[in-house]
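S.K.: As you go down the protein sequences, you meet chains A and B in turn.
Under this note's numbering, the first residue of the first sequence carries the number 926, and numbering increases by one thereafter.
Under this note's numbering, the first residue of the second sequence carries the number 402, and numbering increases by one thereafter.
If a hint is listed, it holds; no wrong ones were tucked in.
What follows is a list of derived Cβ distance ranges for each label pair: (1) B:E570 <-> A:P957: 48 to 56 Å; (2) A:A968 <-> B:R492: 22 to 30 Å; (3) B:R613 <-> A:V1093: 35 to 43 Å; (4) B:S573 <-> A:R1117: 48 to 56 Å.
Since the hints were made in silico from the structure, they are not lab data.
Quick caveat: nothing in here was measured; it's all calculated off a predicted structure.
Idealized CB from N, CA, C, for every residue including glycine.
Now for the letters of each chain:
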Amino acid sequence: MIDRLMPRGLDVDGGPGFIQLLQSLHLEPTWPTADGDMSMIEAPESTTVLAARYKDGVVMIGDRQATEGYSVAHRRMQKVFPTDRFSVVAISGTAGLAVEMVRLFQTELEHYEKLEGSRLSLDGKATYLARMVRQQLPLAFQGLVVVPLFAGFDEIHQTGRLFTFDVVGGRYEENDFGATGSGSREARSYLRNRYSPDLEEAEALQLTMEALVAASEQDVATAGPDPRRAIFPTVVTVTAAGHDEFDDARIEPIASAALEAVR
Amino acid sequence: MSMPMYVPPEQLVKDRAEYARKGIARGKSIAAVQYAGGALLLAENPSGTLHKISEIYDRIAFAGVGRYNEFESFRVAGIRYADVKGYMYGRPDVDVKGLANAFAQTLGNIFIHEIKPYEVEILLVGISDDGSDMFKVLYDGTLSDEHGVSAIGGQADELVSHLRSRFEEGLSFEAALAIAKDAFRSLNAERDIEGWEGAVLDRSLGRRTFRRLTEDELID
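Put together the whole structure using the sequences plus the hints.
M.R.: Quick look at the structure:
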């Protein structure tokens, strides 16, 4: 492998794309699709994630539970991932596929940034992610669905932006908030009644946390904050200063307040 | 049919080395200095956009002197090698030594087998939790590892002896930058420096430790 990557190892694709590079080395991840119904495959599913714009940027928040059929597969799964300094992605759907997609996406952004000496625009990143979702379409037909949620700070327009996707790779920019996963309907209706575009950061954190708690009340697959086990949702904000991953000590008071507010 | 003229291997290697060295000597040198928080790389570079120093991976930086297109191809190869390896296995598995070896092998092959040798010298700097590794790869594939300070380019030896005379363990960033700048100035006393390019591998930055120094930080 090394020889082919070095100068004069001429059979490697020349572009700045990481996935093309993996393809020319025959190392890209593939999930062979079987003929017929794959619905008997039980893979863990990850559930509700949501994001909202506020004055200085965007906040993204995700619960920690993965389910397999009617049982809990994982209680501490991470579904919200910073992808580079100014962007963050969250996933819902078949967890194994989604986590691999995020890893590839992270590497792709960093690879591009290093080779080209500049970051992709936020639009460019969203477009690329849409293409990755589209490539999963054959698997989606067989019941293995991945739907991400993407947000970031746009360095060109100096504002927070967020994008939702559908299973065929459709990309939709939302100018207020977005959610995906099994509890997303509930989360969105909670946000719809209370959202305003000029929220301060603390207000946005509180509101999105409440929406997640509301979703967990209605959707059995979504887990709200769990102070008893000390499991709290993942919270990441992105502003002009870059992304900020909250640790449990900062999330706990927000989560407690949200549990109180949504009863 | 005419016989190819016999050239003794000593002569062949000598001619090629001389050719490569001449090309490298025309370019400006690059210095690296370890400091308490990581490692500093400094180059004299009049161009603000054509970089000689860049990021390879979380804890690995690259510097090249000589022909731009030739060392650029190694920079690209290095990023590809690191990203593929880190994706296939894990981020801690990407180490500077493996990369330096691959570069040395490739430059060695090019030196012997290609029509003309590459006129480049490459410096790979990697930091660990408590120190740094510096690997220097020459145009003919010669690989050497250096400690604390290193330099590449036509004036590398003089630079290193200047750096070494003032280097000590646990330097502050400011001190390391001052030492590196002084080394360049003492070699070029008769002219002004045409512009700096600098970067650090800084442990305090988290996963990706590479950071370019801003103009404000580099200003004299």
